[in-house]
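Those sequence lines, one after another, are chains A and B. Using our numbering, read the first sequence as starting at 1 and increasing by one per residue. Using our numbering, read the second sequence as starting at 1 and increasing by one per residue.
Any given hint might turn out to be false.
What the hints assert, rightly or not - Covered by chain A, per the in silico footprint, the following chain B stretches (three or more residues, Cβ under 8 Å): (1) 25-33; (2) 73-81; (3) 213-227; (4) 325-337.
Because the hints were derived from the structure by calculation, they are not lab data. Here a beta-carbon is modelled for each residue, glycine too, at the ideal position from N, C-alpha and C.
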Amino acid sequence: MGKPTHLSKADIAEFGRELDAIRDEVMNDLGESDARYIRNVLKTQRYSEVAGRALLMAGFLPPAWLAGTGLLSLSKILENMEIGHNVMHGQWDWMNDPALDSSTYEWDNTCPAHQWKHSHNYMHHTFTNIVDLDRDVGYGILRMSEDQDWRPQHLAQPLTAATLAAFFQWGVALHDLEVERLGKDKTFKEAAVQLRDIWGKARKQVLKDYLLFPALAGPMFAPVLAGNFSANLNRNLWSFLIIFCGHFTDEVEMFDESETADETRGEWYLRQLLGSSNLTGSVPFHILSGHLSYQIEHHLFPDMPSHRYREVAPKIQEICERYGLNYNTGPLSKQFGGVVKRILRMSLPHRRKRNTLTFETSTDAPVYAEAA
Amino acid sequence: MKPVVKKLLGSSFVGALASPLSVDDYLSLIDSRLSLSEPRGRVTHVVRQTSDSVTLEIEPNDNWQGHRPGQHVLLGVDLDGVRHSRCFSVVSAPNEPMIEVTIKRNGDGRVSNFLVDHAERGQLVHLSPAEGDFYPHAEAPRKALLLSAGSGITPVMSVLRHWIARDEVADVVFVHYARTRDDMIYAAELEAMAQRHDGLRVETVFTADGGRRLDDATLDVLVPDLAQRPTWLCGPAGFMDAAEPLIAARSNETLHREQFAATRREAAHGEGAVRFLNSDVAASGESGSLLEVAEGAGLKPNYGCRMGICHACKCRVAEGSVRDLRTNRVRDVRDTDIQLCIHAAAGDVAVEL
């Protein structure tokens with residue numbers, strides 16, 4: 001498993017330099033049109049939220065309820081995926097606009113921004129797909145790699161995964177608690193501090209979506225409550241779908257700690273590439289996915305404004321072809337099929353499957369080997 | 001915004017409805033100038049008094065708390081997608097409803113040059129509260145000297161307009177240095193004021209048209225009774241450096257100075273190594289202010305005026321030795337917030353960034 005053996009150290013270094021050059025070209029080109037893009041997304045999100053909540057006030061009419069719930073879902077998806085996630089990555093810090101500042105932005109999610117920046121920006125993006133280090137590999141509750149120990153509870157993981165999908169934002173909120181470390185190298189007291197923090201954040205969403213807006217609607221209390229719940233549910237399902245397709249498709253690579261020790265920049269790039277998978281689709285689909293449909297590009301360049309991944313992707317693909325590397329992409333149906341297969345396969349106790357990567361060419365000496 | 005509406009929108013109930021966004025995020029859908037707390041303004045009038053300057057009249061929103069004569073304000077504009085803020089003197093007197101600023105073209109000053117070339121009616125500008133203590137007293141003195149050069153005329157004009165508005169001009173001498181007559185902003189207004197007010201004498205010196213630079217002889221001729229006059233002084237660093245000892249030698253009255261653009265006494269450079277702790281990056285401290293060192297190392301610290309006024313770049317220094325670029329004073333600090341833009345490393349420094 002893990003990294004390919006057909007590339008020499010020098011090849012990998014050159015591969016890294018090529019990616020750096022692509023990154024520099026885009027980052028030096030950021031300007032007015034990028035600012036206009038994100039401002040338009042902000043406007044769309046806010047207008048759809050206002051319109052959605054207004055329509056839900058007339059929620060006794062089924063078309064109004066459906067349209068309102070749809071618009072509010074759209075708003076929540078845009079806010080979490082294309083705005084919140086990307087702003088917190090620092091993709092828009094260059095604009096020097098306090099409203100788009102990664103250090104102060106707070107998103108519409110039960111997970112507090114600063115906990116997310118630790119578990120996601122740091123843990124997941126640094127240690128991507130390294131089993132035991134990247135806690136996004138199964139989130140501590142699912143078995144997503146052969147290298148994770150099988151336990152009887154994993155038999156039920158298709159059900160666990162479905163539940164996680166429905167309540168995904170709550171899973172995300174509790175993620176940084178690192179429950180599996182409790183009582184070992186993390187104290188319950190530390191976790192209690194985090195929990196208070198999570199509740200401080202989560203109760204604002206609960207209050208707003210399940211009490212204040214329904215109460216404002218008076219006799220429309222129930223339809224508004226149901227609409228808000230549905231919008232949160234839709235956002236949960238959608239983000240689960242996109243995020244699982246990003247790292248847990250069938251052919252994505254997992255790594256272990258030993259082979260990633262003392263990684264060079266080129267090797268880090270390589271792991272990001274092989275540990276991620278893309279989704280093909282239309283521009284609106286990419287925007288709704290927060291451009292995480294370009295998971296590969298996002299993992300190579302996490303602080304590049306997301307809409308630029310679209311222009312960068314063909315160049316990455318071309319580089320991958322030249323270096324004989326797998327560029328894992330496909331339509332949602334195929335990629336999610338792979339995710340389902342992996343969840344099912346890993347629910348049963350077995351070890352490694354065969355290496356799915358095949359390389360046509362073998363260049364110089366196979367220096368970078370699994371044996372490392 | 002009506003006070004009652006503002007109070008309602010500012011209530012914790014409406015705040016909870018907007019959470020986790022702010023009420024401002026929604027207000028700006030209606031009008032980008034609307035905000036519950038941030039001072040913002042819209043350009044309502046653009047005049048180009050000279051070929052290399054622009055005078056803007058800005059209508060502030062109701063978060064603008066007004067200003068005292070001679071104070072300055074940070075103007076923030078978006079250039080090529082990036083918010084830049086720079087400091088400008090407010091020329092209008094406190095009783096005027098609009099904020100007036102005049103901006104001169106300035107070498108590589110991006111904001112100044114952008115506004116001189118492209119400022120237009122309707123443009124949104126971000127404002128800061130007014131700051132500065134050029135004019136600390138409420139009472140006008142019986143006699144005064146206003147002494148300025150170049151764009152340093154702007155805060156001094158504000159003081160003069162304030163006195164004129166309150167009919168307090170008893171015996172004021174206004175000495176202004178410009179390169180040429182065509183180059184001088186507020187020339188026409190000053191001339192008209194001098195004609196209308198017997199208590200105001202205006203002396204202009206055009207240095208590129210044969211006028212002498214400020215020296216003992218000129219000052220004695222133009223302001224023979226300087227000993228009895230408190231002075232308001234503003235101009236480029238060289239002009240201020242020349243004027244201050246001349247004035248101090250002649251008058252014990254108060255000298256009010258507005259340092260225009262926090263002047264760096266020398267090209268900024270530091271020494272030692274700078275470590276940015278949170279990003280785990282190290283860089284040489286030689287290449288400029290700590291802000292420039294951080295940016296050179298690929299970090300993106302917050303910043304605003306880049307001249308020590310707005311405090312946007314303030315950041316905690318865990319420990320190290322820093323030099324204040326305005327005064328050249330070196331000090332050892334530990335767990336101290338400092339402004340990155342006006343400090344350079346004076347030895348190894350560890351910054352929490």
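Unmet hints by their number, sorted upward, for this structure: 3 and 4
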